[in-house]
Amino acid sequence: MTGDNLEELITMTEGSVSMKSLTKEKLIELFTTMLRGRAFDEKVVELFTQGFIPGFTHVGIGQEAIAAGVCVHLHQNDPIFTTHRGHIQAVAKGIDVKRAMAEILGKRTGFCKGRGGSMHLADKEIGLMGSTAIVGSGIPIATGAALSFQLQETGQVAVSFFGDGSVNHGTFHESLNMASLWNLPIVYCCENNSWSQFSPQTLTTKILDVATRAAAYAVPGVTVDGDDVLAVYEAAGKAIDRARKGGGPTLLECKTHRWYGHFVGDPQKYRTEEDLEESRKSDPIAKFEAKLIEEKVLTPDEVSEAQQRVQVEIDEAVKFAEESPLPEAKELLDNVYYEGGK
Amino acid sequence: MARDKNVILIGEDVGSSGGTFSATRGLLEEFGRQRVIDTPISESSFTGLALGAATTGLRPVVEIMFMDFLTTCMDPIVNQIAKARYMFGEQFKVPLTIRTPAGGGLNAGPQHSQCLEAWFAHVPGIKVVMPSTIYDVKGLLKSSIRDDNPVLFIEHKGLHSLKGNIPEEEYTIPLGQAEVKKEGSDVTVVAIARMVYEAMTAADRLAADGISIEIVDPRTISPLDKDTILNSVKKTGKVVIAHEAVKTMGFGAEIAAIIADEAFDYLDAPIKRVGAPFVPVPFSKPLEKSYLPSSDGIVAAVKEIVG
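Protein sequence lines correspond, in order, to chains C and D.
Number 188 in numbering that gives the first Met the number 0 belongs to position 189 of the first sequence; there are no gaps in the numbering.
Number 244 in numbering that gives the first Met the number 0 belongs to position 245 of the second sequence; there are no gaps in the numbering.
If you're looking for bench data, these hints aren't it; they were derived computationally from the structure.
Ideal Cβ positions, reconstructed from N, Cα and C, are used throughout, including at glycine.
It cannot be assumed that every hint is accurate.
[Stated by the list, open to error] Interface residues of chain C toward chain D, partial, derived using beta-carbon atoms under 8 Å: (1) Lys106; (2) Thr108; (3) Phe110; (4) Arg114; (5) Gly154; (6) Thr203; (7) Ile292.
[Said to hold, decoys possible] Take a look, some chain D residues computed to stay more than 12 Å from chain C by CB distance: (8) Gly17; (9) Gln33; (10) Tyr196; (11) Ala262.
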């Protein structure tokens with residue numbers, strides 16, 4: 000079974016039900032998406048540490064399975080709304096990594112012309128609708144897009160990505176209420192890495208399973224192992240399908256681990272060594288890689304090749320970004336308002 | 000709404016009840032629930048929701064029942080809506096209007112009577128409109144809704160009961176254009192919303208004393224039509240700025256600074272401002288009456304500089 004030109008169904012002998020029904024192509028897509036996200040954010044860590052990235056940056060290393068498992072289901076015009084920790088979702092949605100890296104470095108060739116930076120990646124063409132850094136603020140905006148799709152009967156689905164900290168914000172409650180009331184085509188995807196900046200979930204939240212809140216809005220609430228890309232893929236697929244068919248919102252909680260601090264450079268003195276070690280043991284990429292090799296979807300050599308290909312993409316992205324010009328001061332006042340035209 | 004099917008209304012009681020101040024009466028019946036949306040009491044989220052709708056093909060008009068309640072949706076307005084175009088490198092257009100009744104005079108108390116336009120005029124990325132006449136409301140509301148940018152359209156609730164005739168036919172008034180509501184020669188009075196009427200009353204009183212005031216209504220606070228104001232000041236050499244909002248740190252201070260900067264040589268007297276005192280709006284009748292700026296304040300300020 001080489002499967003180079005044919006789509007093949009892969010059967011798992013044990014474990015996840017999902018793998019049976021995925022084509023090899025889809026499995027590789029999931030794997031490559033996760034690799035690309037990790038390589039991107041690892042490069043961001045490197046560049047930040049070397050002083051090339053101004054301001055703050057927040058990476059999602061260790062959380063790649065969630066973005067991949069959700070985004071591979073989406074059409075280009077199904078928008079995602081994400082946060083300051085949104086590079087990996089942006090990559091999973093298909094952002095051009097060159098212009099994304101340029102934006103993070105503050106270059107004029109970035110998607111936001113250097114005005115937004117790491118926390119505000121946006122690419123309207125691929126449905127990355129402006130990442131926002133105020134915790135909880137993206138949830139209503141995503142809800143509005145879903146309302147728009149419903150009213151205009153477009154069949155599109157919106158996905159809102161947010162962390163476990165967001166669910167304590169009023170906007171979460173208000174949005175879930177409206178989405179359930181109006182039966183909106185949206186998936187609320189909570190990346191529960193159990194940290195809100197420097198506070199563990201146990202310090203801030205009574206009930207740790209975010210999905211239980213769904214009952215208060217009479218919507219399906221699903222908790223999955225967010226480090227198992229196939230589990231995410233399966234649950235996300237159902238949720239997106241439900242939304243698209245008029246079945247309303249789903250609250251999808253994906254439990255995961257935050258490997259780095261809140262921001263890059265955060266020494267994480269508030270976390271124990273054990274906690275940090277435990278976090279890194281749960282590696283979504285390593286887990287999936289092991290499965291792919293075990294099930295002979297990919298050989299170890301093919302895995303290395305995939306990693307190298309992705310690394311080349313990221314290295315080219317960095318080159319593009321480094322060679323790009325910075326914006327000029329005279330551009331400062333441009334385009335606060337839309338004045339007509341395109 | 001008849002002209003553009005993408006215009007939708009979002010707000011509390013805007014549909015079934017026609018609006019707390021009856022501003023949207025009849026619209027649900029005419030346009031249905033796909034276009035007129037009654038929301039739960041969730042200002043923060045339905046304002047954020049409007050942004051999501053505005054960037055995906057719709058042209059939402061959000062009603063926030065009292066301007067005082069804008070405090071509950073400051074993040075979506077200031078950090079999301081106002082910044083979406085610039086922050087994301089011009090990828091998005093945000094054709095969104097927020098309508099809100101403001102102002103005192105109904106004994107509605109401290110949390111239902113404020114004029115907070117200065118806060119929003121201070122934020123790049125959202126336009127602020129505050130009409131005074133029925134004619135201006137129609138023309139400016141149309142322009143606000145049709146503007147492809149965020150606009151905060153402030154309706155002074157003391158003016159809701161005004162009746163008058165306006166043209167049936169279509170007309171618009173451009174944003175960012177002030178109007179000389181009354182020509183005069185001795186003192187420029189820059190007045191907004193309800194204060195335009197107080198200025199008219201003051202004009203009659205002052206005329207009896209031989210003082211002629213020119214009333215300039217900015218109509219749009221941001222972007223401000225500086226030229227009309229400055230041209231008037233250059234003509235009269237004296238200016239009083241009147242708004243109902245608290246005088247301290249009100250937008251009148253901005254106009255005063257602009258005049259001092261750009262028409263200094265034309266000034267024959269210090270710039271005067273009329274505004275509410277630095278207290279919350281009180282409820283009881285004599286207190287509110289004393290609080291609200293009126294023609295008394297304008298007359299006094301004019302006389303002070305006419306000398």
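Against the structure, the hints come out as follows:
At about 11 Å, the closest approach between the beta carbon of lysine 106 (chain C) and any beta carbon in chain D exceeds 8 Å, and the interface hint on this residue is violated. Among the interface hints, the one on threonine 108 (chain C) is violated; its C-beta lies about 10 Å from the nearest C-beta in chain D, farther than the 8 Å criterion. Against a cut-off of 8 Å between C-beta atoms, the interface hint on phenylalanine 110 (chain C) holds, since the closest Cβ of chain D lies about 6 Å away. Checking arginine 114 (chain C) against chain D by beta carbon gives a least distance of about 6 Å; that is within 8 Å, so the hint holds.
With a least beta-carbon distance of about 13 Å to chain D, the hint placing glycine 154 (chain C) at the interface is violated under the 8 Å criterion. A hinted interface residue such as threonine 203 (chain C) counts as satisfied when its beta carbon comes closer than 8 Å to some beta carbon of chain D; here the least separation is about 20 Å, so the hint is violated. A hinted interface residue such as isoleucine 292 (chain C) counts as satisfied when its beta carbon comes closer than 8 Å to some beta carbon of chain D; here the least separation is about 41 Å, so the hint is violated. With 12 Å as the threshold on Cβ separation, the claim that glycine 17 (chain D) sits away from chain C holds: the shortest Cβ distance comes to roughly 21 Å.
The claim that glutamine 33 (chain D) is not at the interface with chain C is violated, since a C-beta of that chain comes within 12 Å of its own (minimum 5 Å). The claim that tyrosine 196 (chain D) is not at the interface with chain C holds, since no C-beta of that chain comes within 12 Å of its own (minimum 31 Å). Distance check on alanine 262 (chain D): its Cβ is at least 24 Å (rounded) from any Cβ of chain C, clearing the 12 Å threshold; non-interface status holds.
In terms of the numbered hints stated before, the structure departs from hints 1, 2, 5, 6, 7 and 9, listed from lowest to highest.
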